[in-house]
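A.B. asks: Take the sequences, apply the hints, and build the full model.
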Amino acid sequence: MAAEQIAYTVKEFAPAVPGWLNKGDNAWQMTASTLVGIQSMPGLVILYASIVKKKWAVNSAFMALYAFAAVLICWVLLCYRMAFGDELLPFWGKGAPALGQKYLLGRAKVPESKHRGYNGVDDITEPLYPMATLVYFQFTFAAITLILLAGSVLGRMNIRAWMAFVPLWLIFSYTVGAFSLWGGGFLYHWGVIDYSGGYVIHLSSGIAGLTAAYWVGPRLKCDRERFPPNNVLLMLAGAGLLWMGWSGFNGGAPYAANIDASIAVLNTNVCAATSLLVWTSLDVVFFGKPSVVGAVQGMMTGLACITPGAGLVQSWAAIVMGMLSGSIPWVSMMVLHKKCSLLQKVDDALGVFHTHAVAGLLGGLLTGLLAEPDLCKLILPFDTRGAFYGGNGGVQFLKQIVAALFVITWNVVSTSIILLFIRLFIPLRMPDNQLEIGDDAAHGEEAYALWGDGEKYDPTEHGWHTSQFSEVAAPSPYVNGARGVTINL
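In UniProt numbering, the protein residues as written are 1 to 489.
The set of hints was computed from the structure by calculation and includes no laboratory data.
One should not assume that every hint holds.
As the list claims (entries may be wrong) - Pairs of lysine-lysine residues, derived as BS3-like cross-links and limited to a Cα-Cα distance of at most 27 Å, are as follows:
id : residue 1 : residue 2
1  : LYS221    : LYS54
2  : LYS109    : LYS377
3  : LYS94     : LYS23
4  : LYS339    : LYS289
5  : LYS338    : LYS221
6  : LYS53     : LYS377
To be verified - Per label pair, the in silico range of CB-to-CB distance:
id : residue 1 : residue 2 : range
7  : SER315    : ASP383    : 18 to 28 Å
8  : SER341    : LYS23     : 54 to 64 Å
9  : PRO111    : CYS340    : 35 to 45 Å
10 : PHE425    : ARG224    : 40 to 50 Å
11 : SER315    : VAL292    : 40 to 50 Å
12 : ILE159    : LEU342    : 57 to 67 Å
13 : MET244    : ASP432    : 48 to 58 Å
C-beta atoms are modelled at their ideal positions from N, C-alpha and C, and glycine is treated no differently.
C.D. replies: This is the structure we're talking about:
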């Protein structure tokens, strides 16, 4: 035992273990970062590839893959310090690279988060691990926001327009919300609560996605009317990675392996499970059978709803939030959507507005009602509570409403300007003749090769039922690769 203590003490003085480093916090934060990264890569890549029509599987997966890579490079070159660096404007930080060795190995700090603590002494957000850990953790949040937004424009957006849109939206939209609410901006110091991204991520991606869908335009009529998943079981695998990864999403928000992280992880899973069950029950009651796609949507709304208050509400409140997140977005998607002419006109391919904007807004408002005072003291830099607990809770609820209006307005305006600018140089929507083909036209690749390259169709060899109506597909002008079968009816 004594030898172990001596060995540990020697390591404490090693250059790689400075005195301020908490190994447990650093290990958990890097684990949480990996979990959130897995939500996008491969979680949402798999989910998007399988939840769309077969002809859009490659394109949908690639949009997510590209966004993940592009956001990381933009993040370290400029955007991290726009979101968590020194103040340029009350809602925006000064952009600068986050690549220097000295900067990344120093203790993590959010410079504009300085505030007066409970004991009357100035305090600042300064976790017990290096800046490199915080930079990567926050990157995974930025990446998943763009990938969630992509769900609104699947099945028709010009891939070149998407490649231009990702860095521009990250710079001019995401960093504003992140700095304002997390990086020490005006909403942070005003006392608005967004524990882990109900506003910064879900409300932003849902509103920006709906706006983008409006400007890009709709899918083909045949795709809007019938857009079945090409692989439901694979869709469930992607959804499972998304759900399990959310423990890092909300559990990493305290920037430490502390007791509040434990509450956040438990509440996250409780709310998601409740929401899934409520959504599924509503499907059974009104449509006669449970929907697997509906269950995934219910899971998603529960996860989005709990995010802004995961470590701030009691676990019974997480059940309440799950019941509401499984029902209110269900009503907005199944009932209000059909009655609202604007929502019917705008082709939101995966219903991101309902599953993220509505659920994220709902979660932010419920946090303003249900945030428990003692839990707030564990993590928040200011003394507050939800309206349910009296005191200044009513004011907190109003702050949540104002912050939501700011996020909504900024995302509508910034997304519109970005897309109108891109439209000057690149068409936002693929032409109809390419939309009829899908992946083969966009990428020269198809998701499912029915037989090998260069082979001719042989029903006895390739397993298809012999029929007088079967014939080899006409050669595609877009690829010299695998071929499918055309059935003339």
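A.B. asks: Each of the hints needs a verdict: does it hold here or not?
C.D. replies: These are the hints, each one checked on the structure:
Note on LYS221 and LYS54: the hinted pairing holds, with a Cα-Cα distance of about 16 Å set against a maximum of 27 Å. For the suggested pair LYS109 and LYS377, the alpha carbons sit about 20 Å apart, so the restraint of at most 27 Å is met. For the hint pairing LYS94 with LYS23, the CA-to-CA distance comes to about 30 Å; that exceeds 27 Å, so the pair is violated. Our distance criterion of 27 Å between C-alpha atoms is met by LYS339 and LYS289, whose separation comes to about 23 Å.
The hinted pair formed by LYS338 and LYS221 meets the criterion: a straight-line CA distance of about 17 Å does not exceed 27 Å. For the suggested pair LYS53 and LYS377, the alpha carbons sit about 48 Å apart, so the restraint of at most 27 Å is broken. Checked against the hint of 18 to 28 Å, the C-beta distance between SER315 and ASP383 comes to roughly 23 Å, which is consistent with it. Between SER341 and LYS23 the Cβ separation comes to about 57 Å, which falls inside the hinted range of 54 to 64 Å.
At roughly 43 Å, the beta carbons of PRO111 and CYS340 sit within the given window of 35 to 45 Å. Distance hint check: the CB atoms of PHE425 and ARG224 are about 27 Å apart, inconsistent with the given range 40 to 50 Å. A hinted range of 40 to 50 Å is violated for the C-beta pair SER315 and VAL292, which are about 27 Å apart. Between ILE159 and LEU342, the C-beta spacing of about 27 Å breaks the proposed range 57 to 67 Å.
A hinted range of 48 to 58 Å is violated for the C-beta pair MET244 and ASP432, which are about 40 Å apart.
Hint compliance for this structure: hints 3, 6, 10, 11, 12, 13 are not met, and every other hint is.
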